[in-house]
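Protein chains in written order, with this note's numbering: chain A, 1 to 169; chain B, 170 to 358.
Keep in mind that the hints were calculated from the coordinates and are not lab data. Wrong hints could be hidden among the right ones.
Simulated crosslink set (DSS-like; lysine-lysine; CA at most 27 Å straight-line) [unchecked claim]: (1) A:K141 with B:K273; (2) B:K195 with A:K141; (3) A:K156 with A:K116; (4) B:K246 with B:K195; (5) A:K3 with B:K195.
Keep in mind it's a predicted model, so treat the numbers as computed, not measured.
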Amino acid sequence: MRKIVGLVLVAAALAFLGFAGWRWSGTVWNEDRTYAAQLSDMKDTAVRDMVMLNSVDPSRAQLDMEHWLDISTGTLREALQRDLPAAQAKFAKQQVPTRGEVTAAAVTSFDKDAGKATVLASVRVFLGADSGGAPSSEQRKRFEVGMKRISDGLWKVESLTPVAPGGHL
Amino acid sequence: MSVEVEVRARPKKKQKPEKRSRAFLKRWWPYLVAVVVAAAAFALNTWASDRASGGPAANRALLDRTATSDALTNVSKAVERVFTYSYTDPDSTARAASSLLTGKAASQYQSLFGQVRQEAPRQQLALTTKVSRAGVVRLDRDGTAVVVVFLDQQSTRAGKATGTPVAAQLIVTAHRSGGTWRITELRAA
Chain A
1 MRKIVGLVLV
11 AAALAFLGFA
21 GWRWSGTVWN
31 EDRTYAAQLS
41 DMKDTAVRDM
51 VMLNSVDPSR
61 AQLDMEHWLD
71 ISTGTLREAL
81 QRDLPAAQAK
91 FAKQQVPTRG
101 EVTAAAVTSF
111 DKDAGKATVL
121 ASVRVFLGAD
131 SGGAPSSEQR
141 KRFEVGMKRI
151 SDGLWKVESL
161 TPVAPGGHL
Chain B
170 MSVEVEVRAR
180 PKKKQKPEKR
190 SRAFLKRWWP
200 YLVAVVVAAA
210 AFALNTWASD
220 RASGGPAANR
230 ALLDRTATSD
240 ALTNVSKAVE
250 RVFTYSYTDP
260 DSTARAASSL
270 LTGKAASQYQ
280 SLFGQVRQEA
290 PRQQLALTTK
300 VSRAGVVRLD
310 RDGTAVVVVF
320 LDQQSTRAGK
330 ATGTPVAAQL
340 IVTAHRSGGT
350 WRITELRAA
């Protein structure tokens with residue numbers, strides 16, 4: 001009798017182990033999980049890029065602008081490259097540093113296979129802020145950011161569209 | 170004299186210790202195996218739960234498409250309603266606010282919108298708010314969503330536009346329970 005009870009308990013424990021194993025394996029080989037991981041990485045990149053694209057330190061503007069070209073691709077990169085001389089002239093005259101901060105970012109579309117994504121980002125740009133000093137003014141901006149995957153795990157900003165008010169009112 | 174040495178056989182223990190444990194094992198092994206297996210299963214199960222609830226997949230935004238669009242639609246509608254106001258019918262906005270906002274959001278709404286409401290009757294103000302873009306920042310399994318909304322707001326005085334539409338961005342936290350969404354937190358982005 002005792003033996004039967006014992007064996008039933010073993011069987012139950014094994015069944016539980018099987019169930020736990022099945023749940024665990026579900027977390028490892030899970031399409032959702034890889035999709036989520038890629039999405040999350042892309043979003044992190046978009047946020048970092050948005051900070052960079054909204055920040056300029058005039059003392060090293062050249063370097064900042066080279067960075068912009070590094071993190072952008074396609075139409076945005078072309079536009080940045082075209083505007084480079086004008087931007088250089090502007091930053092040479094105007095010695096105001098700007099620092100961008102992404103206050104919220106939401107992915108609105110993500111196509112893992114095509115390597116395309118859209119991210120909404122609201123950004124605060126602090127003007128005249130240098131290290132430690134308080135910013136003299138602040139701008140709030142909002143963008144629709146088009147992201148493109150260049151290679152495995154590497155995303156770049158393809159388009160940067162300010163969302164102007166009044167489109168449909 | 171003779172010393173009588175009593176050599177008495179010491180009472181034998183029933184079994185030697187190792188023999189005893191062997192007997193114990195023989196009797197109880199299924200229970201021991203069951204305990205060990207159950208402990209392992211429990212550990213694995215806990216680990217699986219941790220993995221399922223943590224990590225990037227914990228944010229269900231876009232992963233769960235139905236819940237994502239549900240959150241977007243409801244939060245957008247709610248924000249448009251509570252931030253659309255007319256001096257001719259202030260009560261309908263107040264009613265919407267009291268049914269759609271809860272907790273911290275109610276007082277945050279007051280600080281964001283209280284002034285408009287105070288000024289409105291005297292200046293014959295009306296405000297129309299439209300969501301131009303919205304995206305889910307975060308969506309949890311328990312029905313909590315963080316949504317960023319890009320708003321376009323047009324105000325009118327006595328029916329005439331006071332200027333061009335103004336942009337505003339809000340970070341809205343909302344919670345769904347029993348099919349209804351309520352806004353629990355409102356912050357300017």
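Going down the list of hints, with the structure as the test:
1. Between A:K141 and B:K273, the direct Cα distance comes to roughly 26 Å. Compliance with the 27 Å bound is thereby established for this hinted pair.
2. Pair hint B:K195 plus A:K141 does not hold up; C-alpha atoms about 75 Å apart against a cutoff of 27 Å.
3. Note on A:K156 and A:K116: the hinted pairing holds, with a Cα-Cα distance of about 10 Å set against a maximum of 27 Å.
4. Between the alpha carbons of B:K246 and B:K195 the distance comes to roughly 69 Å, so the proposed pair goes past 27 Å and is violated.
5. Note on A:K3 and B:K195: the hinted pairing holds, with a Cα-Cα distance of about 10 Å set against a maximum of 27 Å.
The structure is inconsistent with the numbered hints 2, 4, although it conforms to all the rest.
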